[in-house]
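The primary structure of each chain is shown beneath.
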Amino acid sequence: MNPTIPRNDEPDIDDRDATVVAALRGLRATAPSSVGFGALVEAGLADRYAPLETPLGTTYVAWNGRGVSWVGTADSPEAFAERFTAHVGRPIERGPELPARLARAIQKRLGGDRRNHIPLDLRGHTPFEVMVWMKALEIPLGEVRPYGWIAAEIGRPKAVRAVGTALAHNPVPLVVPCHRVVRSDGAIGQYSMGGPDAKRRILAAEGLDPARLEADAAAGRRFTGSDTTHIVCHPTCRDAKRVTDRHRVHFPSLAAAANAGYRPCKHCRPVSVAA
Amino acid sequence: MDTDAALATRLSRDLDGAFPALVAAHADRLYSIVLRLLGDRRDAEEVAQDALVRAYRAMAGYPGERVASLKLRPWLASIAVNLARNRRRRLDDRNPPNQLEPMLDGGFDLPTDAAAWGAPGSTADRHETQRELAAALLRLNVTVRAAVILRHLDGLSLAETAAALGRPEGTIKAQVHRGLRELRAILEDAAERGGGTDSPSATTTVSMRAAPYPAALEAAR
Chain A
2 MNPTIPRNDE PDIDDRDATV VAALRGLRAT APSSVGFGAL VEAGLADRYA PLETPLGTTY
62 VAWNGRGVSW VGTADSPEAF AERFTAHVGR PIERGPELPA RLARAIQKRL GGDRRNHIPL
122 DLRGHTPFEV MVWMKALEIP LGEVRPYGWI AAEIGRPKAV RAVGTALAHN PVPLVVPCHR
182 VVRSDGAIGQ YSMGGPDAKR RILAAEGLDP ARLEADAAAG RRFTGSDTTH IVCHPTCRDA
242 KRVTDRHRVH FPSLAAAANA GYRPCKHCRP VSVAA
Chain B
693 MDTDAALATR LSRDLDGAFP ALVAAHADRL YSIVLRLLGD RRDAEEVAQD ALVRAYRAMA
753 GYPGERVASL KLRPWLASIA VNLARNRRRR LDDRNPPNQL EPMLDGGFDL PTDAAAWGAP
813 GSTADRHETQ RELAAALLRL NVTVRAAVIL RHLDGLSLAE TAAALGRPEG TIKAQVHRGL
873 RELRAILEDA AERGGGTDSP SATTTVSMRA APYPAALEAA R
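First to last, the sequence lines map onto chains A and B. Quick note on numbering: the first sequence equals residues 2 to 276 in our numbering. Quick note on numbering: the second sequence equals residues 693 to 913 in our numbering.
What the hints contain is simulated information worked out from the structure, not anything from laboratory work. Keep in mind that a hint or two might mislead.
Lysine to any residue pairs mimicking SDA-like chemistry, simulated, CA-CA at most 25 Å apart [said to hold, decoys possible]:
1. B/865 with A/18
2. A/267 with A/218
3. B/763 with A/30
4. B/763 with A/18
5. B/865 with A/17
6. B/865 with A/159
7. A/159 with A/242
8. B/865 with A/22
9. B/865 with A/215
10. B/763 with A/45
11. B/865 with A/16
12. B/763 with A/31
13. B/865 with A/29
One-sided and incomplete, this derived list gives chain B residues near chain A with beta-carbon spacing under 10 Å [stated by the list, open to error]:
14. 695
15. 697
16. 699
17. 733
18. 737
19. 742
20. 754
21. 767
22. 770
23. 846
24. 872
25. 879
Here a beta-carbon is modelled for each residue, glycine too, at the ideal position from N, C-alpha and C.
Chain A with its partners taken away, still in its complex shape:
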């Protein structure tokens, strides 16, 4: 019998293999920290963030495997990360850049393409809040709606204040365009990402004239109709903007429009909000 050939009934390591076996242990390696953190990010248990240039300046976008989780302005990347962890409670690391898929989707969305799907991570928020934000997503670029419109559209016409609160808590401003929701009395309303001035800036960047909007509403011109079609719209509805000056009429309320024989536009679905 040749002693150098291991037999099947021997233990599965023989002496000559022992050196190789020991050396194999030496081939264990330490994974770069991005492996573990990356897995947590993909699982939605941690996030990465990167800067994004917007009309409001440098904005930071946080994301994980479930979608965009947080958007905000900050004086520094570190300040953004700190605020994120304080609010969301998950660890966050600076990423190299937005994943191409998300960056493309966000740019398209900011450019007005509403069909473009952006995955959002809205865990931890109430169904009411999510409903409000999803409705805000439907407001087209270059248009605004009053808080009461969202309340009516989601079937909670009396929850106007709650709608305002939910919009103030929007974790993904710009992506969910809460800046396109204004007060029905014409004031531009609050904005979570930099206050009313920032809100005017972003609306102007989207092609609106915020000063005129406010002036019109203050003067009681809250709905716009066409005396040829007898249809009444929110003033920024794309249909209202097509009405020529000669045929444009203004109403302080939907009731006034109805009395004059106007029916509500099927695109912007105007609602009257109790003053």
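Following the hints, position chain B against chain A.
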């Protein structure tokens, strides 16, 4: 073993809360397994991360009892090995098999200074041996390679290796034997060839040694 069982129990009760502990405990070993299977650091990073994510998603879909009864070490290893196999197939489609780049990416740099190659000195020697062993592993048949890596690099038991690879224990035992024998032969052969560092063919020898597909390289010469 015990800590793995305890971890599985925690995962079954609070997946999100316990998953970071799984990552901390298993990221290095999964990365090591995949690195030595594929020989490429970037691929290993991606596959190891993907294995952890797949594990998370699988557990999210399992009933609690199933998560609690998971044998985490072999289970995670089997996910990593399967993903590495898929990755290798794609690599083979992309790269002609006689390219050395994946190996060089893997840290098996060819020595620039031929004298350093055979220089005595314990640390350099050990690193050299490890580099040679890592390269030798990549020359094993991939089935045999996986068995050797799980059994002796990762340190799974024979039964766990068999479970992870879905093959009978007897088969694994034979494959591990064969793998170790071949590794020894490759290393002994390399030692013989590498003896004369003044040989003008030193670089060629090194290339041969590092080639994952020696036959293909032979043909290409």
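Hint check:
With a C-alpha separation of about 13 Å, the suggested pair residue 865 of chain B and residue 18 of chain A falls inside the 25 Å cut-off, and the hint holds. Between residue 267 of chain A and residue 218 of chain A the CA atoms are separated by roughly 21 Å; this keeps the pair inside 25 Å, and the hint holds. The straight-line distance between the Cα atoms of residue 763 of chain B and residue 30 of chain A is roughly 22 Å, inside the 25 Å bound, and the hint therefore holds. Pair hint residue 763 of chain B plus residue 18 of chain A does not hold up; C-alpha atoms about 28 Å apart against a cutoff of 25 Å.
At roughly 16 Å between alpha-carbon atoms, residue 865 of chain B and residue 17 of chain A fall within 25 Å of each other, so this suggested pair holds. The straight-line distance between the Cα atoms of residue 865 of chain B and residue 159 of chain A is roughly 73 Å, outside the 25 Å bound, and the hint therefore fails. Of the pairs offered as hints, the one joining residue 159 of chain A and residue 242 of chain A is violated, with about 29 Å between alpha carbons and a cut-off of 25 Å exceeded. Straight-line distance between C-alpha atoms of residue 865 of chain B and residue 22 of chain A comes to about 14 Å, which keeps the hinted pair within the 25 Å bound.
The hinted pair formed by residue 865 of chain B and residue 215 of chain A fails the criterion: a straight-line CA distance of about 80 Å is larger than 25 Å. A hinted pair counts as satisfied when its Cα atoms are at most 25 Å apart, and residue 763 of chain B with residue 45 of chain A qualifies at roughly 24 Å. Of the supplied pair hints, the one linking residue 865 of chain B and residue 16 of chain A holds, its CA atoms being roughly 16 Å apart against a limit of 25 Å. Among the hinted pairs, residue 763 of chain B with residue 31 of chain A is consistent with the structure: their alpha-carbon atoms are about 22 Å apart, no more than 25 Å.
Annotation: proposed proximity of residue 865 of chain B to residue 29 of chain A holds, straight-line Cα distance about 21 Å (limit 25 Å). Using the Cβ-Cβ criterion of 10 Å, the hint placing residue 695 of chain B at the interface with chain A is not satisfied: the shortest such distance is roughly 17 Å. Because the beta carbon of residue 697 of chain B sits about 21 Å from the nearest beta carbon in chain A, more than 10 Å, this interface hint is broken. Among the interface hints, the one on residue 699 of chain B is violated; its C-beta lies about 15 Å from the nearest C-beta in chain A, farther than the 10 Å criterion.
With 10 Å as the threshold, the beta carbon of residue 733 of chain B comes within range of chain A, its nearest partner Cβ sitting at about 8 Å, so the hint holds. Because the smallest distance between the Cβ of residue 737 of chain B and any Cβ of chain A comes to about 5 Å, under 10 Å, the interface hint for this residue holds. Nearest Cβ of chain A to the Cβ of residue 742 of chain B: about 8 Å, under the 10 Å cut. The hint holds. Proximity of residue 754 of chain B to chain A is violated relative to the hint, the smallest CB-CB distance being about 15 Å (cut-off 10 Å).
This hint is violated: residue 767 of chain B has a C-beta 15 Å from the nearest C-beta of chain A, more than the 10 Å allowed. Interface hint status for residue 770 of chain B: violated, as the beta-carbon distance to the closest one in chain A is roughly 17 Å, over 10 Å. The beta carbon of residue 846 of chain B is positioned within 10 Å of a beta carbon in chain A (closest approach about 8 Å), and the interface hint is therefore held. Contact between residue 872 of chain B and chain A, as hinted, is supported at the beta carbon level, the nearest pair being about 4 Å apart and thus within 10 Å.
The closest approach between the C-beta of residue 879 of chain B and any C-beta of chain A is roughly 7 Å, which is under the 10 Å cut-off, so the hint is satisfied.
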